[in-house]
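Chemist: Listed below, chain by chain, are the residues.
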Amino acid sequence: MAERVGVYVCHCGSNIAGVVDVGGVAQWAKDNLEDVAVARDYKFMCSSLGQELIEQDIKEQGLTRVVVAACSPHLHEKTFRKACANAGLNPYLCHMVSLREQVSWVTTDKTAASEKAKAMISAGVRRVVLHEELEPTEVPVNPTTLVVGGGIAGIQASLELADAGYPVYLVEREPSIGGHMAQFDKTFPTLDCAACILTPKMSDVDGHPNIHLMSYSEVEEVTGYVGSFTARIRKKARYIKEADCTGCGICIEKCPKKVVDEVFEAGLGYRKAIYRPFPQAIPKFPVLDTANCTYFERGTCRACEKFCPTGAIDFEQADEYLDLDVGNIILATGYDLFDCAKIPQYGYGRLANVFTSLEFERMCNAAGPTEGKIVLRDGITEPKSVALIHCVGSRDKRHHPYCSAVCCMSALKFGHLVMEKTGADVTSFYIDMRPLHKNYEEFYDRLQQEGMHFIRGRAAEVTDAARLPGEEGKLIVQAEDTLIGRQRRFPVDMVILLGALQPRADAKETAVRFGISCSIDGWFTERHPKLDPVATMTDGVFIAGTCQGPKDIPDSVSQGAAASARVQGMITTGTVLIEPIIASIDEARCSGCRICNNLCPFNAIDYLEAKGVSSINAALCKGCGTCVAACPAMAITGAHFNYAQITAELEGILYDAVRGNGFGSPKRSGGDGRHAVIPEPALEPAS
Amino acid sequence: MRYAYYPGCSLTHSAAPYDLSTRAIAGPLGLALEEIEDWNCCGATEYISINKAAAYALVGRNLALAAQQGVSQDVVAPCSACYLNLRKVDHYMGKYPDLRDQTNQSLAAGGLHYDPGSLRIRHLLNVVVEDVGLEAIKSKVTRPLDGLRVAPYYGCLIARPQLNGGSIDPEYPTHLDHLLKNLGAEVVDFPLKTHCCGGHMTQISADTAYELIRRLLHNAAEYEADLIVTACPMCQLNLDAYQSQVNRHFGTGYHLPVLYFTQMIGLALGMEPAALGIGREVVSAAPALKKIGKVAPETPAAPRRRKRDDKALPMPRQREEA
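Protein chains in written order, with numbering that gives the first Met the number 0: chain A, 0 to 686; chain B, 0 to 321.
With the rest of the complex left out, here is chain B (with noise of 0.2 Å):
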């Protein structure tokens, strides 16, 4: 499977593990990602608000050069601001033909053109659960990552809004959390999985992002999570990096570990730590990495009995999980 990559330009510098990791099991899931020559930066998540001309074209020349380049209808973005933006251009270009046209125009001055709807925007999160799928991903997995408590945090970009049919479910994704289940971690019920980790504010307003990010810290320490798994550079910057200034202003000792879902990957199927660029985030994985394996003996209880006084109302079945 080829597809044209946009790594965007936190995988190359604050998300670095993530490209590596991405590069990584790229190979072993049967991924061919080839780098569109000459990308540019996407604008990130204000500029589209601000200079909509301008960040039509900053876009819409990533998306040319895809086209012009033709490696693959494809294009896969892991980073969820990069993602969100190639999209909302390529969508917004084909229901506008004004736009279309005045962003055409720019491009032009470069020699480029781009008719929307030529290309398929996708997240590497998408590429991964619906191209390689769980099943064979299941099937590759030597290191299960049992004994782990995980919390899927899917942030707010990827799943919302649900432009030209996006498969995530923006209410209550589930993607990354069958995902997991597969590598054989066990997935904490993350009731925040799609909410704000406060973005740039970190950056205007300190302490509005240090709340986002705390309640998203406190939500996963309550259900236990030993590590929290994301799919977006700029969740796992805010997490991972404003941690400790999160604990100092609020007086809270969090510790939780913020990886890339690719690095959890890379490592169930049996890749050294560092060669996924574990090891270079801001708290320590490694004391959460060394439960891998360890899972408490069950004891084969005979199939629990209920009581005879347990009052307790059984809860619903649940369906069988696709």
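One chain only, chain A, in its complex shape (with noise of 0.2 Å):
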């Protein structure tokens, strides 16, 4: 029985009327494309009453077959999918052609774009009648949730689910939670200390019944999907009993070997080579550093297990490997700074009192290095000018094009720190101000006020060699006044570098790990830039906080909630359906080369020796389509990308392409459709 297929054009407002004649194409549809019942332009197909209109001609009209070119599937699939469903059709029999993103917002001819909607419409009328029946599978939700990252991102996130009583496994790389937030002295805009409004959140992790806290541990492997994922966990090797430490400290004291911190001090600071990176470090446990141990490197000392009270140091400690069962993952990986030594003329590493925006946050951290006193390299001098260089490695075509978001109010931080705790003279050069956020900008006013100069231009230079008076034994910053269009030196005693916010060295091989995707910058892409900012395009794993993209403390902590906001939801529900375009092979036809087994992404396919055939796991499967183009017996198929359905949409898009070819009618062509119907060559050109 032939098919009777609905086409439904939308305008989208004037997204796609404005460049498509969107009457003129559904007519057209109507009157030359075999199966097409029912054609309609519709102002908003996605309004409730363009859903309905659907759901009425399924119902009146006897249609089997919907197509809606409208915007792309991305948005609005879901949507037509269950006006269909509601009207008794399966929803997979719907198809969706891209007329806004890949027409109208991408053509100014208006022929030649309605002529291209005409040629995606018959591609879709074409292979929607080869749709299948389809059902989705429901797999159950694990209600464990594994947080990465121990940053305030992932702290939120992990206690907003454990509070809501979910098991969490919270995994942090370094020795302890708290991420860059524990660095740093003060916050913007309130000045309130970071440490007094983290650390008790931190301790709230430490006690949680819920969170498994999994410190010194990185994530080697995930496996599974949405629901349930196996994440293999390495627990580094801390040498050190978690069981009988008290972290009472007296190892750290005694280890006679000290080194410079380049983590948690930003290098500005020493630790010893036992250490917790800070007193209020959660988990209390301290780690032995075994590249800079004299035990490990000479053989003798061990100092440490001498003096150890409750005997807790083990030399012989070994990696551990854990794998966890979870429903669901959060990413919350955060940032690297700059590496301000890329911008040379800033001199950083060459001019001693060039420092970075983190070395300055050690520095006045009354914990830090210099328990909070602001110094020069020596560590005595107090500064009597400090010039702050903004966008260093930001706004730059040369390094990030994008804006770190954060460094304008840090630099005002900075200069409120400088000024109350020093008297001297503070100057920021700023390319321009951008103090977005709730109280910023009367931070912003309340520096002017204080007395801080703001010199608008991007710094050119920082040296040292003086020329004019004044100069000698400064540091000279040389900036274009753009407000008076001048060039201008600063002589100063210190210069702090604004450092942009990149994306961890490893992002790209973490976002591998976890099957997402990173941004040309590297941040971890989010499944809609506005709408959906916490989910990615893989079902289960979500991202928050400054993986995603630069942003401040308040806004990591909104989207820690967030996404575990997104993930009670999901545990709530309990089962999550799965889509089902994906791969199945037929067994008659394989012939157990194995040839796919590898080149799948998501390990989806086994190979059954008793069979002597491989066989794709439903709920792994993503429905790629590797293993359909690599299999040589054309054993695996698609579902909705199946051969004849792949070669009905491309007779579909080449009905016109030229006459006289078998491909010139816009009817289709014939064929059992699973093998492409290759028409002879055309021995005259076309007249």
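Take these hints with a grain of salt, some might be off.
Quick list of the computed label-pair ranges, beta carbon to beta carbon [to be verified]:
#  : chain 1 : residue 1 : chain 2 : residue 2 : range
1  : B       : Ala135    : A       : Thr189    : 48 to 54 Å
2  : B       : Val140    : A       : Pro278    : 50 to 56 Å
3  : A       : Gly472    : B       : His254    : 21 to 27 Å
4  : A       : Ala628    : B       : Arg119    : 51 to 57 Å
5  : A       : Ser518    : B       : Asn39     : 22 to 28 Å
6  : A       : Ser518    : B       : Pro96     : 36 to 42 Å
7  : A       : Gly298    : B       : Lys289    : 44 to 50 Å
8  : B       : Ala135    : A       : Asp318    : 39 to 45 Å
9  : B       : Gly269    : A       : His452    : 43 to 49 Å
10 : A       : Gly472    : B       : Pro96     : 53 to 59 Å
Computed cross-link-like contacts, PhoX-like style, restricted to lysine-lysine with a CA-CA straight-line distance of at most 25 Å [stated by the list, open to error]:
#  : chain 1 : residue 1 : chain 2 : residue 2
11 : A       : Lys253    : B       : Lys306
12 : A       : Lys372    : B       : Lys306
13 : A       : Lys473    : B       : Lys310
14 : A       : Lys253    : B       : Lys310
Just so you know, the hints here were simulated from the structure itself, not pulled from any lab data.
Every residue gets a Cβ at the ideal spot worked out from N, C-alpha and C, and that includes glycine.
Two chains, each in its own frame: build the complex with the hints.
Modeler: Here it is in structure tokens:
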């Protein structure tokens, strides 16, 4: 029996109708395309009236297939599938043609746009006729969640889930949770101390019955799918028996080896070879750094072991591997600070008194290397003048084109702290001031009143080459003051570079491990930039905080909470539907060559020894089609993307490509559809 | 490696030692430099701003000759001004078809023609560092320049503007730094490494030029450099020949010899100073060169330990240099 197809061309206000002749295209479809029973154009197909139109036609006109030519299926495929289902039609018999993203938004010529719309609708109609009824599989959701990264975003996400009564594994790479926020001194714009507001949350994590904290651990591998992932965790050897350690810190006190702490102290301070990054570290257990430990270097010392009152030091400890079963994953892996030495004209690494923002945070922090005193690199001298350079590595084509979002406010905070603690003169060199959020502009205003100087212009260089009187022995910041149109030189004692926030050095590997993607800049990509900022294209994997893009503490906390709310929704529902658009293997055709097994990016294909054939795990398969294309025996079929459907779609799109070659008629060309009908080459050029 | 060699006028007179040393090291470094036959002046720094059509024809003629003689696709210029002019003409002829046609019309009078983009214009410093390679040079060093503190001076013409993707960092170049380090010399930080030497301002407004020269000498002296190493004949001339006038003008007493990087390579390869044109500079390099090999014997002290009361903060860790 011939199918009855309904074609619905959406105006999308003027988004599509402004470029494509929607009425004409709909009429053309009805007149020219085989199987089309109804063709309409409508102002907004996604409105409830638009959906009702489809439902009504299915019921009254007996439609068996639906093609909606509107926006991208990313946006409204679910809407129209639901409309079909409401009218009793299998939702997978509905197909969307992207007229907005692929035609009207990218085409200016109205005639060409309408012609392209026709071709695409023709393709959609040809393929939808061959659609099969599919049923999604329902799988249970494991109520346990894995949170990766114990910065403020990860802490917030973990606490919200745990407080709602759901178990959480919180995995942190460093010896303690707290992230970058634990390194900071004060937080803008209220200037409350970072530790004072962060450490209570850290203790909550530590004592929470629903949170299993795994610090100094990393996720090695993730398998499974939404609702039931398995994550392999490497718990790095601390060389401390956690069960015996009381966290008294005697081992740290007795350790004779001091090294520069490149991580927590940002290279500005020292730590022991056995260490706890900061006094309020959670968990309290120290970590032994084998790269610097005298015992691991030379085989003697063992001072920590000698003095440990509970015998908790274990030099023989090895890395442990744990497999965790979880239903959802929240990634909150944070950011790295831009390497300021990459802009050599600012002198970082060459000129002693040029500091990065992170170094300065540590310097200001009362628990930091200078106990909160703002001093030059000699550790003694207080600066009398300080320059703050914004956008170091940000808004710079050579490094990161984006704005790092937090530096303007950090600079204002630094300005306040410097003036408060030293009375030094502070000058900020900015391109644009961007104090965007609540109470930020007021803070900017406050600093202007406190007497901080603002020079609008990107600093050209920082040099110690004195030229003018008063410059001897100083660092000179040269910049164009764009408000007066002059080059100016500012001799100062100290320069602070507000380095860009950049993706973690291993962000790309992390993305691959969790099956999500990165933007060009390297930040994790959200499902929708505006409407779905914490979900990813991979079901069950969510992102929060700066791993998604530069943001400040309030925004990171909001995202942590948002991600946890999304996960709670999944857990409460209890089950999740898995898309049936997946691949399957025809056992009769499979020769058992196993080519597909290793190609599958989701490890969804197993080889069945007994039968001598490969088999696809429906729950793991994402329907990417790699195996379908690779199978030499054409034994694998992708649902919704089988050969017949793809060939039909191609025929549809080429309906008017060349006349007289079999594709000329907009009617179907027949054939079994499984194999492309290759037309005979035209002997005569088309006239 | 074969190159079409464009010495430029400076190297035939004031910068003859640059030419001499370049030819001296070419063989040992495996560079076959074949001079472009019948080349002419590039117009130096001013002409291109005064009479564009004539200046483009003047430079274009050299490019056309190099292309016609077909020695190599790579044209190498040791003089920074020549390098910039050749590069500029090649670049803008490619960018503006009118300019290309106009220039080629002029060249046609001499039976010549140039297709922009058909040659690669390289500075000698680029060729030495990128084509020969630092490792290869290091392996040929027989007399390391130990004990010599040198200020690497690039001048303003090599690094900018970055036409057709120049490979030298315009903000803080390091080609010369790495080269000199590999020759064994101690390279001092020289913040003014890309600042202007005054160019022909010595002829127009001597006071302005003297101040620009003084800044450079002062900065190099401040970092206790024994000598300044440059890659540009103009820079060498200004800093060397005008040094005594600058001293007189400001009442200073700088004595900073200025040598070409090619002379330093020659020295490190064990060649005789005279064969490299050393001794022809105004401010004698002899006292400085006596320091070669005389390294203050380092006391094999125990690894420095931080004193208990040392409050100094650690310097940022330097990443491994390329």
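Chemist: Does each hint hold? Answer for all of them.
Modeler: Against the structure, the hints:
1. Ala135/B to Thr189/A: 48 to 54 Å: 60 Å, violated
2. Val140/B to Pro278/A: 50 to 56 Å: 53 Å, holds
3. Gly472/A to His254/B: 21 to 27 Å: Check passed, 24 Å falls within 21 to 27 Å.
4. Ala628/A to Arg119/B: 51 to 57 Å: 42 Å, violated
5. Ser518/A to Asn39/B: 22 to 28 Å: Cβ of serine 518/A to Cβ of asparagine 39/B: about 53 Å, so the range 22 to 28 Å is violated.
6. Ser518/A to Pro96/B: 36 to 42 Å: The hinted range 36 to 42 Å holds for serine 518/A and proline 96/B, with Cβ atoms some 38 Å apart.
7. Gly298/A to Lys289/B: 44 to 50 Å: Given range 44 to 50 Å: holds, Cβ gap about 49 Å.
8. Ala135/B to Asp318/A: 39 to 45 Å: 43 Å, holds
9. Gly269/B to His452/A: 43 to 49 Å: 56 Å, violated
10. Gly472/A to Pro96/B: 53 to 59 Å: 55 Å, holds
11. Lys253/A to Lys306/B: It holds: about 18 Å lies between the C-alpha atoms, which stays within 25 Å.
12. Lys372/A to Lys306/B: 20 Å, holds
13. Lys473/A to Lys310/B: 21 Å, holds
14. Lys253/A to Lys310/B: Given that 25 Å is the threshold and the Cα spacing comes to 21 Å, the pair holds.
Of the numbered hints stated above, those contradicted by the structure are hints 1, 4, 5 and 9, listed in ascending order.
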